[in-house]
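These are the residues of each chain, in order.
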Amino acid sequence: MFPTSFQYRRAETLQEALRLFESCQDAKYLAGGHSLIPVMKQRLAQPDCLIDIGSIEELASVEDAGDAIRVGALVTHARLSSDPLIDANCALLQQAAAQIGDPQVRNKGTIGGNLAHADPASDLPGVMLALEARIHLAGPGGKRSIPASEFFLDLFTTAMQEGEILAAVEMGKRPEWGNCYLKFEHPASGYAVCGAACSLRLGPDGECRRLNLAFNGVSAVPFAAGRVAEVLTGSRLSDEEIKRAVEEHLQVPEPLNDSFASGPYRAQMARVYARRVLAAARNQMT
Amino acid sequence: MTASLFGKSIKRREDPALIQGKARYTDDLKLPGMLHAAMVRTPYAHARIKSVDTEAARKMKGVAAVYTASDIETSGIPGVVPVGWLLPGLKTPPHRLLASDKVRYGGDAVAVVVAEDPYLARDAAEQVWVDCEMLPAVTEPAQALAQDAPQLHQEAQGNIAFDWELGDSQAVDDAFNKATRRVDLKLRNNRLVAFAVEPRAALADYDASREKLTLYMTSQNPHVHRLLLSTASLGLPEHKIRVIAPEVGGGFGSKIPHYPEEALAAWCSMQLERPVKWTATRSESFLTDTQGRDHHTTAQAALDDQGRLLGLRVKTYANLGAYLSTFSTAVPTYMHGPLLCGAYAVPAVHCNVIGVFTNTVPVDAYRGAGRPEATLLIERVMDLAAQECGLDPAEVRRRNFIPPESFPYATPLNLEYDSGNYQGALDRVLEMADYRDLRQQQERRRQDGKLLGVGLSTYVEACGLAPSSVVGSLGAQAGQWESGEVRVHPSGSVSVYTGSSPHGQGHETSFAQIVSDRLGVDISQVEVVHSDTDQVPFGWGTYGSRSAAVGGSALAASTGKIIEKGRKIAAHLMEAAVQDVEFRDGNFMVRGSPDSAQPLAAIAGAAHMAHNLPEGLEPGLRATTFYDPENFTFPFGAHLAVVEIDPDTGEVKVVRYLAVDDVGQVINPLIVDGQLHGGIAQGIGQALYENAVYDQGGQLLSASLLDYALPRSHHLPSFELDRTVTPCPHNPLGVKGVGEAGTIASSAAVANAVIDGLKPYDIRHLDTPFTPEKVWKAIHGGE
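For the record, the sequence lines run as chains B and L. Each residue of the first sequence is one higher than the one before, starting from 1 at the first, in our numbering. Each residue of the second sequence is one higher than the one before, starting from 287 at the first, in our numbering.
With the rest of the complex left out, here is chain B (with noise of 0.2 Å):
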């Protein structure tokens, strides 16, 4: 697979990034790789320029910001998995990232990319949403943030603005929480067919005090399912209640359609997956 010709330029900060930006004529940022570098290969992409932002240290870290863990943008999917901060705060990211494709591409793809790339079918979108997070961006104008549901807007397309960078994602700490991303893989390309991520806290007495629950896969942009969290905040999560919570209150907008799997049976496949993910969120708080 033979890209065109393009430059390439690296920067060490984001400060050189933006200004490379700004100098180059349509340029792209990459990280990991592992979204941009196939669609350059099959000449879907055709950028004059690549700035390189892979080394820049500041966009490395996950860090503890007190109620909230912030993952730096080039964070790897296989540090996610791993990351001992991630895993006691944030365990439905690190289930996520530990079910993206395999070791290569959990080792270069990082967090930002993934998410700037936007794909619907990917893994981290839908965690995203169930974790509540932030999204900071880092553009020529300067730095703002944006809760993750107003991140995706629809297939590969985000609410980032020419130039910007995505440079961290933060998320409240959920330490005591019960936790479930499960995917309906697609045998090929191991996305997600249909990915539900789960996220509930119990109170003492065993009954709902929040939860999340978000899915990727299904439609254009991940969705979040607040009708059924709505309903089922305050239940005991009993299998009949969330059957009934799912099956009367889950909206599923516009599902994906392909040879591989319609758009009704997608839908159906996320009352599946919910059913799945919030029993098993449930059973590790019980």
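Derived by calculation from the structure, the hints in this document are not laboratory data.
Per label pair, the in silico range of CB-to-CB distance:
1. Ala303(L) x Glu247(B): 52 to 60 Å
2. Leu155(B) x Lys472(L): 34 to 42 Å
3. Lys308(L) x Phe156(B): 39 to 47 Å
4. Ser455(L) x Leu155(B): 49 to 57 Å
5. Gly521(L) x Pro103(B): 48 to 56 Å
6. Pro253(B) x Asp591(L): 55 to 63 Å
7. Ser455(L) x Pro103(B): 55 to 63 Å
8. Val941(L) x Leu155(B): 32 to 40 Å
9. Asn107(B) x Gly307(L): 18 to 26 Å
Interface residues of chain B toward chain L, partial, derived using beta-carbon atoms under 8 Å:
10. Met1
11. Phe2
12. Thr4
13. Ser5
14. Phe184
15. Pro187
16. Ala188
17. Ser189
18. Ser259
19. Phe260
20. Ala261
21. Ser262
22. Tyr265
23. Met269
24. Val272
Since we're looking at a predicted model, the values are computed, not measured. Ideal Cβ positions, reconstructed from N, Cα and C, are used throughout, including at glycine.
Chain L: place on chain B using the hints.
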């Protein structure tokens, strides 16, 4: 003398280089001054070409040439890739190296760009402007045969390439008149992408001063490629073409055919007098490598009340794709029809196959080639027969098997099965699986709402292709014998030249085992040379599980000739009568006098020094055999699959897979087991995952590994294998062949298991592949 390694699991000699990345494939080769070719294709599966503008591409810096069909025509070469097997009434529209009037599938190239590097070649290819008028496409036989269907070739009206039949239609009618029960089946055998891990590649080096072309290429049969390049594509005499297949990374049939791209690389090198390399991208492999299967079949079986088959009628539409690939005509006919009885004594059979052109990638041999299609059909029929007669699937098979005492067995479809014990293989696999317990388990699981399916498949394959006169009478434009030359060097080491052309099978190991065993020479002293038309006398190549049975037999025969000559020399040196000299454990000796022993090396030395040879005997110690087999060989076996089905999602998981295969004598059990493992995995792939899907316009939707699912290790259980050994009675090694056995049996075993698992839902039949949504819909009904 060293202990014989024949029948021993020695490690493959090929593997250290492969594992360490030291093996050299075609694309690894670089020659000074080498140019790179890229093909220009259109985005259409069917279109009329109005013009091809190469001006802009030609002017780009670093571009050596851009050629279109008219350049090839002007050069006066024959310029086609031909079909190699003719059938009565076959329509043979030309397949030109570059499309001139129309493109007929997405892989049809209209121009070739040659440039200094592969990036430039692709940049320039994007600057070739093809003006064409899109035409409606057909991708399925039913569409292609419709009244007002778009026509692919003016030479093939109605898009029909052939209409072929075999068997006795009247006898089948009579069988149905007698029958008390019948089974009807409509079956689609899904189309598969062959997917060799190494893409096709060619490096052509034309030496103008010697007028000689050397072509390194990914080939399963270099001599066949040389022959077709010479006579049909380039017009260069055979002695001026040397085809070398370096390391070849898998083929599964897709590197048998002669394709345009390799011939184009050669022609470009002849035009430019510089080496030219072409390597398919993975996308091009999906778009141009011949695909497999794609049968649309209806079948009826006549039965008596006891579940015995009285007759079988089969009608198949074979989707051939856009052109007739080299052996595309033989695969759905002679490689398929005669095997439709499987392991069963079916007195009357009739089979009609209609070959249809569509705007899809040409179809040709794919592991098993016709025989998996036959096996899937007859094994589905057997399960339906069991259901119809209220019998267990194992019992209905038992009632229909050809009994072990009736070999050689003449089938009603012109084959003579050589040897077998089909019941023996089935009994063994049922025992290994604890079949009765499995059925009880299934019942218990069903009561708990869990779906467990158990499926059987037995098979007989005709392989070891094949007696030349037989295939010749059936239309093959090729012989099917094999050459094997053994040269014993003066110091006693041995070089072996085989016309088989391995691409993963391990010939360098197993053929060395044969020769080492026969000559009593340490295996380290035996080298196997293959895949080079200037080194090997001739060869028909590796496919159809033929290498051991035909190529190996040729070598065994040559070692016999070496020993015969050695005895004459030894007798002369020992001053003994030839009939008193025996060859044992690598030594020639006077019978009963071990002190007289002379090793092969001593006799080889004497043969080459030739100071003292029997009168009239030529110096040297080498022998060549052109071995033409008496018959096909007929491996057989019984497989059993256990699947779990998730009723909520429709996902199927193979949880146990057991197989008992009989491939005759085994040269190297490790290699044989490896072949079975790969073959079984490939057949499970067809049953559960793999499917080449085209859209209405003829675009291949499953055109990358993101969409086309190959089975991976985590999809598969650990296989439980055993074998019985029924030697082949008509070749010197007793071997039958194992390259395709696993694939031939496993799709059917899994299909039967899945459909068995769905019994609580009253499902009679589903077509492969059993993708989750298909199974889910079958369970939950409706769309």
